[in-house]
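**Student:** Take a look at the letters that make up each chain.
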Amino acid sequence: MAARGGYWSTLTDPLIRQNPVTLQILGICSALAVTTTLATAVTMSVSLTIVVTLSAWIISLIRRHIPGAIRLIVQIVIIASLVIVIDQVLQAYLPDISRALSVYVGLITTNCLVLGRTEAYARHHSPLPAMADAFGNGLGYSLILIVLGGVRELFGKGELFGVQVLPLASDGGWFTPLSLMLLAPSAFFLLGLLVWTIRSLLPEQSEARETTPPLTGEPAE
Amino acid sequence: MTDLWSLFLTAAFVDNMPLTLFLGLCTFLALSKRPEAALGLGVAMTGVLGVTVPLNHLIYTFLLAPGAWAWAGLPEIDLSYLSLIAFIGVIAASVQLLEMLLDRFLPAIHAAFGVFLPLLTVQCAILAGSLFMVERSYTLAQSAVFGVGSGAGFAVAVAMLAAIRTRLAYADLPAGLRGLGIAFILTGLMSLGFAAFAQMAAAQ
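Protein chains in written order, with this note's numbering: chain A, 1 to 221; chain B, 222 to 425.
In short, the hints are calculated from the structure, not lab data. Note that this is a predicted model, so its numbers are computed, not measured. The C-beta atom is built at its ideal place from N, Cα and C for all residues, glycine as well. Careful: at least some of the hints might be erroneous.
[Stated by the list, open to error] Covered, in the sense of this in silico footprint (three residues per stretch, anywhere, with C-beta under 8 Å from a C-beta of chain A), are these stretches of chain B:
1) 246-257
2) 361-371
3) 376-382
4) 395-403
Can you make the complete structure from the sequences, with help from the hints?
**Tutor:** Next comes the structure, spelled out in structure tokens:
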């Protein structure tokens, strides 16, 4: 591995090209649940990036000492301890956001993204590349969360970070909030459209069709 | 009795785990390509949630909750910050135990579950079941009903999505939308349908 280019591509690949949410199907649960406002999305992104980077570092440091049979338990305990720390910090310093995130901070423990990266990458690599990979994946996840959170808050309430950006019709402006944007279905639609956009721009990501459609000119029976 | 029944319906339909609370989506999307696999996953989810939520309720009430150690002369001890690690441990252990019991006594069902059972340890929906139980302070009976109800809701949703996706295998979709993209759009449409249940619950 060429030292500089290696780290750089490990760090930047997961942003779009190998994005954990849209390509690897990792960490979707929380990606959708916390994106009703930008503030919760950013908090969640920061917490997840910290947890995944630190846990990749710790697990990579002790990777030669973890017995293969119980590695899942060891990894989960390390991740859960980090999540507890983050949860306590959020409760102490950002109580409002912590209440809005509800159980989803705790659920970083079982976020497939964290376990997926430690299991697939950090277990086989030395600490620095492992941290670069984890940090890159954290940033890729944050990118999706912030895009979703921004779109949903902007169109759902006309706000960004709780500040009114689009003047509401009820206050004499022109914007009528789309309350659908704040409900669950819109998160699925937006993420589906985002996946479609990314895969149209990068056609090598699209999945192979399971069945070939019949030839069009063929006579029907 | 009616309270428990309405709690069951709420957990299964109004607060449907994958469709309204976005929980357990990773397995929900990954294992919904074939209906048989989806059904197996649904049954496994119901079983594991039905066991772990009441079990975690007992552990939380008697070991972790603030004041739980009062009988030992330590009334001010609050171990609730340990609940994440305790819950994950209980879930991992009971999944393992369930697997061994099924393997010993009901091998046919065990074969039907296949690889899904061990995977459930890291399923967000299962951990979330226990965390919600603490947050909403359910009693023991309520938490058992809540666990089974959310599992049943998950099973219904995943079976429906798998059925739709099997039909779509023959559809001529745009290349970028194939697979994950269309799965999200479908889930969104199903979620719209389930949003109607929330309206019904609000109307009552």
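**Student:** Each hint needs a verdict: does it hold in this structure or not?
**Tutor:** Okay, the hints, checked on the actual structure:
1. Evaluation of the coverage hint for the stretch 246-257 of chain B: fulfilled, as 4 residues show C-beta separations to chain A shorter than 8 Å, against a requirement of three.
2. Beta-carbon proximity to chain A at under 8 Å applies to 0 residues in the stretch 361-371 of chain B; the threshold of 3 is not reached and the given coverage is violated.
3. Only residues whose C-beta sits within less than 8 Å of a C-beta in chain A count toward coverage, and the stretch 376-382 of chain B has 0 of them, not enough to reach three; the restraint is violated.
4. For the stretch 395-403 of chain B, the proposed coverage by chain A is satisfied: 9 residues have a C-beta within less than 8 Å of a C-beta in that chain, meeting the threshold of three.
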